[in-house]
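S.K.: Residue numbers (the working numbering), protein chains in the order written: chain P, 1 to 272; chain W, 1 to 272.
Keep in mind that a hint or two might mislead.
Which copy is meant is left open, so a pair is good if it fits within one copy or across any two.
[Unchecked claim] SDA-like, lysine to any residue: derived pairs with alpha carbons at most 20 Å apart:
(1) 175 / 256
(2) 258 / 140
(3) 175 / 258
(4) 134 / 108
(5) 24 / 12
(6) 258 / 66
(7) 175 / 265
(8) 69 / 12
(9) 267 / 217
(10) 258 / 176
(11) 175 / 264
(12) 175 / 266
(13) 154 / 269
(14) 119 / 36
(15) 175 / 247
(16) 32 / 67
FYI, nobody ran anything at the bench for these hints, they're computed from the structure.
Please read all numbers here as calculations on a predicted model, not as lab measurements.
Chain residues, written in single-letter form:
There are 2 protein chains.
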Amino acid sequence: MIAIGERINGMFTDVKQAIAEKDKAVIQDLAKRQTECGASYLDVNVGTAAADQEATMAWLVETIQETCKTPLCLDSQKLNVIATGLKVADTSMGILLNSTPLNKKNDEEILDKFLEMAKSAGPEGKIIALTMDKNGVPQDVDTRVAIAAEIVEKAMGAGFEMHRLFVDPIVLPVKVPDAQQQPNNIIAAIGQIVFLSDPPPHIVVGLSNLSQGAGERSLINRTFLVMAASHGLDAAIVDVLDDALVDTLATGEMLLNKQLYSDSYLKAYRNA
Amino acid sequence: MIAIGERINGMFTDVKQAIAEKDKAVIQDLAKRQTECGASYLDVNVGTAAADQEATMAWLVETIQETCKTPLCLDSQKLNVIATGLKVADTSMGILLNSTPLNKKNDEEILDKFLEMAKSAGPEGKIIALTMDKNGVPQDVDTRVAIAAEIVEKAMGAGFEMHRLFVDPIVLPVKVPDAQQQPNNIIAAIGQIVFLSDPPPHIVVGLSNLSQGAGERSLINRTFLVMAASHGLDAAIVDVLDDALVDTLATGEMLLNKQLYSDSYLKAYRNA
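Okay, chain P solo, but in the shape it has when bound (with noise of 0.2 Å):
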């Protein structure tokens, strides 16, 4: 599983301020942690509040980079910021931008903008692409899949390969009235995206998303994930400071036969 280390968001509230204060020691401290806990990546999100967005973008970046080498994924819905977060990325390890749409309401063809960015960026220049089109999020496996196949089909039209690929069926709260169909939903789509190409795109989701304003936060979030796996998910946007998600992950990763089982197969997950 590659895990995209959730934490660098101005959505919380120590980010934000940090954010506010232009306190580099609280990012990279978020940096260095999350690293330690086995994060492949780290996600930039300047939130909502920051006044300038592509500035913030480009100051987090050199932060984080100042204290570590991890590879960024560059979170935003605004092009201009995440072309201004790449600007100043070191993108030699690796950078993921996320994210785009197929399409936009106004037909704008989003993901090939997207697509010559990341393959700007080099080699190891990826994308996520969310399965979402100029019709908004579908609630359905099949436009789910549908989606995920033309968004799989550009990419191999524009020559870009499968590894630097992934899917986001969208993950949306479990708590909102009439939704409690679509973590079933997504788990079925990804148990078909998987098969869409050889070798398939990953297929990542943003894992929090799921469990918003409920109570047992960890426990439907971990739940979720190895159940996704289980079907094919091999990514996801997660909280790597949470212990019990981590160790929740490395067990089924080693039931999945991902990785040996030993005695102590919840260290060699960290360590690996």
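With chain P's structure known, arrange chain W on it following the hints.
M.R.: For chain W alone, coordinates are given in the frame of chain P:
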């Protein structure tokens, strides 16, 4: 998920001692506590130490029935021990005969005998049939599914409804060398067995066997349980007294849309 409480088994030291001393209180306490924790059936296994296995099975059944009406799951590798339990069991609320292979090394058609015995127990007489035949326990997915198909076919041929048949793909300890592919194989087999008929048979595992000899037993058990549930597992012989396991199971069922989300869904699951 149909939870079958595993604790009344002579392999556990407390039960073994209670059998030796004819101490009803220990057995009855386990029967009551497992029922309170949501067991739909109580497994009854005399273990290997009892001098007279038939008499011990009869004593356990009568002892449990003095204190609660939870349906029993008569568990033995010996047909005569199950038959003796069945003679004294109250089958009006249901009875589960656990377990039979498809056939035996000597070609004995043992499944047929179990089907007849279950039928004789009335409309709620049910059986657990192992995906195992005269050649032993298969290690690969295809043979497990092929044997399951033979079991389903034989049951249908005997006019035995699918809701009375529990197919068990046989969980092996993950700690055994060379067995680490097995949990993955079992999950894959479950995903295929569920499509063998419509309606499908129940699919059951003896969960705790998975973590025999391992350190993180509850974590391994509960992680496998929800992954398997997401592929169609709908019954398990488990330790219902393990709170973390029941919490994880409740969360998995909620995420699979088999239980409504509410802020108190963990409590609601136990009360259901």
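S.K.: First find the shortest C-alpha distance between residue 175 and residue 258 inside one copy, then the shortest across copies, and answer within, between, both or neither for a cut-off of 20 Å.
M.R.: Result: close only across copies, 15 Å inter versus 32 Å intra.
S.K.: State whether the alpha carbon distance between residue 258 and residue 176 is at most 20 Å within one copy, between copies, both, or neither.
M.R.: between (34 Å within a copy, 16 Å between copies)
S.K.: How would you classify residue 267 and residue 217 at a CA-CA limit of 20 Å: within, between, both, or neither?
M.R.: Result: close only across copies, 16 Å inter versus 24 Å intra.
S.K.: Can you tell me if residue 119 and residue 36 fall within 20 Å by alpha carbon in one copy, between copies, both or neither?
M.R.: neither (29 Å within a copy, 59 Å between copies)
S.K.: Is the C-alpha distance from residue 154 to residue 269 at most 20 Å within one copy, between copies, in both cases, or in neither?
M.R.: neither (35 Å within a copy, 45 Å between copies)
S.K.: Under a CA distance limit of 20 Å, which applies to residue 32 and residue 67: within one copy, between copies, both, or neither?
M.R.: within (7 Å within a copy, 57 Å between copies)
S.K.: When Cα atoms must be at most 20 Å apart, do residue 175 and residue 265 count as within-copy, between-copy, both, or neither?
M.R.: between (34 Å within a copy, 11 Å between copies)
S.K.: What label fits residue 134 with residue 108 when the C-alpha limit is 20 Å: within, between, both, or neither?
M.R.: within (9 Å within a copy, 63 Å between copies)
S.K.: For residue 175 vs residue 264, is the C-alpha pair at or below 20 Å within one copy, between two copies, both, or neither?
M.R.: between (36 Å within a copy, 12 Å between copies)
S.K.: Given identical chains, is residue 258 near residue 66, meaning Cα to Cα at most 20 Å, within a copy, between copies, both, or neither?
M.R.: neither (33 Å within a copy, 48 Å between copies)
S.K.: For residue 24 and residue 12, with the copy left unspecified, which applies at a CA distance of at most 20 Å: within, between, both, or neither?
M.R.: Within one copy only: 15 Å inside a chain, 56 Å across chains, cut-off 20 Å.
S.K.: Checking an output row: residue 258 and residue 140, CA cutoff 20 Å. Within, between, both or neither?
M.R.: Classified as between: cross-chain Cα gap 17 Å, same-chain 30 Å, threshold 20 Å.
Checked against the numbered hints above, the structure breaks hints 6, 8, 13 and 14 and satisfies the rest.
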